Amino acid sequence: MSSKKRLVGVVALGEVPEIALKVITAHISGYFNLSVQILPPLEHPEYALDEKRFQYNAGIILKAFESERFTDYDKVIGVLKLDLFIPIFTHVFGEAKQGGKFALVSMFRLGKNPDGSPSPSSIIYERAAKVALHELGHLFNLLHCREKKCLMHFSGGIQDLDETPIYLCRYCSTFLKDCLLRQPDNEKPLKQPDKIPLNLLSSEERFRQ
Amino acid sequence: MDEKMSIMVVDDEEIVRESLSQWFKKYGHVSETASSGFEALDKLEKHPFQLLFVDIKMPGMDGIELLEKVKTEYPDSMVVIITAYGSIESAVKAMRIGASDYLLKPFKPDQLSLVMERISHQKRLLFEHDYLKGRLEKITRFDNIIGQSPAMEDIFSLIPEVAQSDSSILLIGETGTGKELVAKAIHAKSRRSHLPFIAINCGALPDTLLESELFGHQKGVFTGATQARKGFLEVVSGGTLFLDEIGEISHKMQIDLLRVLEEKKITSIGSRDAVDVDFRLISATSQDLGKGISDGSFREDFFYRINVIMIDIPPLKKRKEDIPLLIQHFLEKYGHETTKHVDRVTRDAMELLKRYDWPGNVRELENAVERAVVLSQSRTLGIKDFAFLRSSIAPLSRPLSLKEVEKQHIQQILEEYNWNVTQASKVLEINRVTLHKKIKRLNLERRS
Numbered sequence: 397m398s399s400k401k402r403l404v405g406v407v408a409l410g411e412v413p414e415i416a417l418k419v420i421t422a423h424i425s426g427y428f429n430l431s432v433q434i435l436p437p438l439e440h441p442e443y444a445l446d447e448k449r450f451q452y453n454a455g456i457i458l459k460a461f462e463s464e465r466f467t468d469y470d471k472v473i474g475v476l477k478l479d480l481f482i483p484i485f486t487h488v489f490g491e492a493k494q495g496g497k498f499a500l501v502s503m504f505r506l507g508k509n510p511d512g513s514p515s516p517s518s519i520i521y522e523r524a525a526k527v528a529l530h531e532l533g534h535l536f537n538l539l540h541c542r543e544k545k546c547l548m549h550f551s552g553g554i555q556d557l558d559e560t561p562i563y564l565c566r567y568c569s570t571f572l573k574d575c576l577l578r579q580p581d582n583e584k585p586l587k588q589p590d591k592i593p594l595n596l597l598s599s600e601e602r603f604r605q
Numbered sequence: 014m015d016e017k018m019s020i021m022v023v024d025d026e027e028i029v030r031e032s033l034s035q036w037f038k039k040y041g042h043v044s045e046t047a048s049s050g051f052e053a054l055d056k057l058e059k060h061p062f063q064l065l066f067v068d069i070k071m072p073g074m075d076g077i078e079l080l081e082k083v084k085t086e087y088p089d090s091m092v093v094i095i096t097a098y099g100s101i102e103s104a105v106k107a108m109r110i111g112a113s114d115y116l117l118k119p120f121k122p123d124q125l126s127l128v129m130e131r132i133s134h135q136k137r138l139l140f141e142h143d144y145l146k147g148r149l150e151k152i153t154r155f156d157n158i159i160g161q162s163p164a165m166e167d168i169f170s171l172i173p174e175v176a177q178s179d180s181s182i183l184l185i186g187e188t189g190t191g192k193e194l195v196a197k198a199i200h201a202k203s204r205r206s207h208l209p210f211i212a213i214n215c216g217a218l219p220d221t222l223l224e225s226e227l228f229g230h231q232k233g234v235f236t237g238a239t240q241a242r243k244g245f246l247e248v249v250s251g252g253t254l255f256l257d258e259i260g261e262i263s264h265k266m267q268i269d270l271l272r273v274l275e276e277k278k279i280t281s282i283g284s285r286d287a288v289d290v291d292f293r294l295i296s297a298t299s300q301d302l303g304k305g306i307s308d309g310s311f312r313e314d315f316f317y318r319i320n321v322i323m324i325d326i327p328p329l330k331k332r333k334e335d336i337p338l339l340i341q342h343f344l345e346k347y348g349h350e351t352t353k354h355v356d357r358v359t360r361d362a363m364e365l366l367k368r369y370d371w372p373g374n375v376r377e378l379e380n381a382v383e384r385a386v387v388l389s390q391s392r393t394l395g396i397k398d399f400a401f402l403r404s405s406i407a408p409l410s411r412p413l414s415l416k417e418v419e420k421q422h423i424q425q426i427l428e429e430y431n432w433n434v435t436q437a438s439k440v441l442e443i444n445r446v447t448l449h450k451k452i453k454r455l456n457l458e459r460r461s
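Just so you know, the protein sequences line up as chains R and B, in that order. Taking our numbering, the leading residue of the first sequence gets 397, the next gets one more, and so forth. Taking our numbering, the leading residue of the second sequence gets 14, the next gets one more, and so forth.
Source of the hints: derived by calculation from the structure; they are not laboratory data. Values in this document were obtained by computation on a predicted structure and should not be read as measured data. Warning: the hint list may mix true and false statements.
[Claimed, not checked] Okay, the calculated beta carbon distance ranges per label pair: (1) R/Gln555 with B/Glu16: 22 to 28 Å; (2) B/Gly283 with R/Glu559: 58 to 64 Å; (3) R/Ser517 with B/Glu86: 39 to 45 Å; (4) B/Lys59 with R/Gln555: 28 to 34 Å; (5) R/Glu559 with B/Lys84: 37 to 43 Å; (6) R/Asp558 with B/Arg131: 50 to 56 Å; (7) B/Leu139 with R/Ser517: 44 to 50 Å.
Don't be surprised by glycine CBs; every beta carbon is placed ideally from N, CA and C.
Based on the provided sequences and hints, a complete structural model is requested.
Okay, structure coming up:
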């Protein structure tokens with residue numbers, strides 16, 4: 397994997413625990429084998445506050461990223477402790493444009509377990525790392541995967557997120573490798589095949605096919 | 014979600030269009046947007062969309078109006094209504110018009126995921142429904158009963174009519190005419206179509222075995238009856254029982270079946286308890302049952318019981334206009350099964366096949382085409398591919414004179430070449446004048 401050619405920047409927006417950024421960075425380096433750097437923090441994105449919803453519009457923040465000078469980085473992940481939304485959804489854990497350069501990770505809803513009890517820090521940081529890796533997957537053109545035991549499987553809630561593993565299935569892993577092997581300036585979205593090879597499906601899904 | 018769909022998001026708010034469109038792209042769906050109902054209809058005219066997400070409140074044409082138009086003009090497209098102004102009334106109205114689902118925005122990400130799961134499930138059910146409907150139509154359109162002759166057209170129009178009643182039907186026709194196919198078509202068109210169709214060839218079973226098969230038996234009533242077994246009369250339960258070669262059954266069996274038809278009850282062998290049965294009886298025979306009644310081998314009362322409606326299926330020699338159609342059907346069938354690209358028959362071969370009498374009827378024709386396709390080296394079947402038909406003609410019982418052999422042979426060659434004397438004389442290796450003389454001397458005439 398030509399990981400040295402791809403440099404990922406991780407940047408805090410407003411106040412974010414440094415340990416969270418370090419955990420995210422370590423996971424990107426460890427699981428995706430990419431070079432990662434923590435960037436100086438950006439200001440609290442007050443401009444993106446929706447006063448009716450008391451939430452921050454992820455689309456507006458991503459738009460604002462485009463005017464920042466991140467030219468040295470192939471991909472940039474913004475990390476916030478704020479509640480993010482996109483207009484159709486009540487909230488999002490993270491947001492990224494498919495094949496784009498910028499992604500966001502919100503830690504706002506990661507602090508509670510499905511039953512409402514507070515989660516230990518280690519779990520919160522692991523969740524943040526999962527969201528970051530998932531969104532980074534989208535930046536490298538990975539699609540949502542129907543294999544439940546894959547990082548790219550869609551998680552709608554905390555329980556789903558906890559059940560989602562931190563690693564990619566063999567299929568998505570191969571796709572990511574292919575994507576990273578290609579030159580950055582020649583980066584056109586690869587077409588992911590419609591069907592997952594049978595040996596990567598769970599027995600239940602194999603039966604359904 | 015199992016498969017990629019073409020989706021159009023119709024909303025006057027750009028941010029909603031883009032958000033949804035982006036979300037669908039993350040699943041690999043092909044996503045398009047439209048800012049109004051008019052734009053959506055324009056795009057639908059140019060390209061089919063499997064799924065539309067439509068906002069109810071839009072200027073110009075609202076979502077409900079667009080939904081109505083889509084359901085009228087593009088009924089295969091599914092529509093999910095989304096709105097920030099949702100109410101039970103608009104939801105009910107949208108669902109009544111034909112919306113597949115309904116979402117109130119903003120919604121939780123997993124709600125949209127759930128809607129997509131449901132849509133995917135609905136699509137799969139629709140696909141299965143269409144597939145099964147197609148299969149059923151194929152059966153009920155009598156695709157396996159080929160014919161355009163007036164006699165077959167009469168049968169095609171008779172099948173749906175007789176299928177509606179429960180009256181017993183007697184199919185008469187030579188062997189290989191397709192009696193079982195007609196019986197299956199009647200069953201498929203009847204209200205019993207979802208219940209079993211059981212076919213029994215009475216001629217193929219000895220009387221005692223037939224009795225056991227039809228009525229069932231208790232454990233230990235005869236050697237080999239190691240366990241109790243239900244008979245077909247009970248197993249058919251509500252369906253159709255097809256008894257082929259009914260003329261072959263014994264006198265005793267005729268009486269037993271007559272009783273079943275009158276009382277609608279059976280008693281299995283070795284049992285004293287009667288069981289209620291419900292089935293529709295279709296019988297078939299290639300024999301002359303009238304003759305059987307005259308000589309006493311077939312009971313008259315049983316004949317009238319099974320012969321409420323009689324359908325006479327003509328032999329192939331009486332509907333030769335159907336032969337090209339049947340040949341084409343079998344060519345397609347065996348071309349597909351054998352993966353050999355044999356798709357035509359020469360004119361000469363077709364004439365030969367039309368002249369042949371087909372004593373084994375459609376079954377014989379099917380076997381002939383299958384054999385020719387399997388052995389053929391070319392795409393087109395010629396006379397030589399059907400040479401076995403001539404050799405299969407039964408030998409005569411008495412020895413022929415040389416003159417008779419000569420007469421038969423010349424007649425056969427002339428028929429084969431459609432009475433083209435030039436071609437026939439070349440095959441016979443005699444000159445045309447000689448052939449003309451022989452035709453006159455042997456009193457040869459063109460067969461009808």
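Here is what the structure says about each hint:
no.	hint	verdict
1	R/Gln555 with B/Glu16: 22 to 28 Å	holds, 26 Å
2	B/Gly283 with R/Glu559: 58 to 64 Å	holds, 60 Å
3	R/Ser517 with B/Glu86: 39 to 45 Å	violated, 57 Å
4	B/Lys59 with R/Gln555: 28 to 34 Å	violated, 43 Å
5	R/Glu559 with B/Lys84: 37 to 43 Å	holds, 38 Å
6	R/Asp558 with B/Arg131: 50 to 56 Å	violated, 24 Å
7	B/Leu139 with R/Ser517: 44 to 50 Å	holds, 49 Å
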